[in-house]
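S.K.: For chain E, the structure is supplied; the task is to place chain Y on it using the hints.
First to last, the protein sequences are chains E and Y. Residue numbers are given in this note's numbering: position 23 of the first sequence equals residue 23, and the series is strictly consecutive. With the second sequence counted from 1, adding 147 to any position gets you this note's numbering.
The hints are simulated quantities; they were obtained by calculation from the structure and are not laboratory data. Note that the Cβ used here is the ideal one computed from N, Cα and C, for glycine as well. Among these hints, one or two may not hold up.
Now the in silico label distances, taken between C-beta atoms and shown as ranges [claimed, not checked]: (1) Y:Asp200 with E:Gly83: 25 to 33 Å; (2) E:Ala124 with Y:Glu243: 42 to 50 Å; (3) Y:Ala244 with E:Lys54: 42 to 50 Å; (4) E:Gln105 with Y:Gly268: 39 to 47 Å; (5) Y:Ala202 with E:Ala92: 30 to 38 Å; (6) Y:Gln252 with E:Leu123: 27 to 35 Å; (7) E:Ala55 with Y:Ala244: 21 to 29 Å.
There are 2 protein chains.
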Amino acid sequence: MNKMLTAAALVAAFAALPAQAQFAKAEDAVAYRQGAYRVLAHHFGSLGAMANDKAPFDAARAAADGEVLAALAKLPAAGFVAGAESKAAKPAIWTEADKFKQLDQDLVSAAGKLAEAAKSGDLAQIKAAFGPTAKTCKACHDEFRQK
Amino acid sequence: MNKMLTAAALVAAFAALPAQAQFAKAEDAVAYRQGAYRVLAHHFGSLGAMANDKAPFDAARAAADGEVLAALAKLPAAGFVAGAESKAAKPAIWTEADKFKQLDQDLVSAAGKLAEAAKSGDLAQIKAAFGPTAKTCKACHDEFRQK
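Here chain E stands alone, though its shape is the one from the complex (with noise of 0.2 Å):
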């Protein structure tokens, strides 16, 4: 009984595995996401030093943090599967997984669109964009992180 459920779970586990992302341990998940959003904060942080007139504005760094930040954005979504708990999740990210879907793909839009103004060379547009993509960090973080 017991390894069938385990076998139900993996299967279950797997059936909701984008198909880009297949991990052998939970614990793989969770390395996976939490490496992927430490990444993302780095340049997010970096830019956000430039948007707020804390850093001197390097144009060309700017645009590669963007990059960066544009496609980590995408990623740490793959690595909640189910039973890949963490300290940091709220459960309600599974049991709210449309809602934690949503305010994930927020971010990937704003974290495009920031990229873009990143692209651009221009401070204004910079800071235009950084307050829209901090909203969508600060939105999942309120409803699906722990505090």
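M.R.: The following block gives chain Y in isolation, referenced to the frame of chain E:
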């Protein structure tokens, strides 16, 4: 005197940084590079499973894996700032920095070629490009990663 040394170490750390990445604390740099390697390894593993006939070939997935791999390969080097030691990192990374940078560049180059191969949708090309990339991982791990 201690304060002077700390300030000097800080200046040295920032002098060693490429423009793209500045870290408030050494541990941020460690977490950044480890996160980047983790995400990179996942997508490399996904490509490897297909290249070694251990997973069904999915051209779209392979192309996406290659794209992420090539983008991520460029990131971790920036996290090896002066003073950002870790259990996995041998001190030679800093004392033989030129050699380390060369092996890192080998990865960037091989990952770029693997991404091109993956984009072609031709499994034979992926198989041909996978081994050389794996060799760049091993060459650097043998030299610079603690066992």
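S.K.: Quick check on a hinted range of 25 to 33 Å for Asp200 of chain Y and Gly83 of chain E, using CB atoms only.
M.R.: holds, 28 Å
S.K.: Hint says 21 to 29 Å; check whether the CB-CB distance for Ala55 of chain E and Ala244 of chain Y agrees.
M.R.: 25 Å Cβ-Cβ, so the 21 to 29 Å window holds.
S.K.: State, for the Cβ atoms of Ala202 of chain Y and Ala92 of chain E, whether the hinted interval 30 to 38 Å holds or is violated.
M.R.: holds, 32 Å
S.K.: Determine whether the Cβ-Cβ distance between Ala124 of chain E and Glu243 of chain Y falls within the hinted range of 42 to 50 Å.
M.R.: 44 Å Cβ-Cβ, so the 42 to 50 Å window holds.
S.K.: Evaluate the given range 42 to 50 Å for the C-beta pair formed by Ala244 of chain Y and Lys54 of chain E.
M.R.: violated, 29 Å
S.K.: Could you tell me whether the CB distance from Gln105 of chain E to Gly268 of chain Y stays inside 39 to 47 Å?
M.R.: Hint violated: Cβ distance 27 Å, outside 39 to 47 Å.
S.K.: Is it true that Gln252 of chain Y and Leu123 of chain E lie within 27 to 35 Å of each other by Cβ?
M.R.: For Gln252 of chain Y and Leu123 of chain E the Cβ distance comes to about 31 Å; the hint holds.
The structure fails hints 3 and 4 (numbered hints given earlier, in ascending order).
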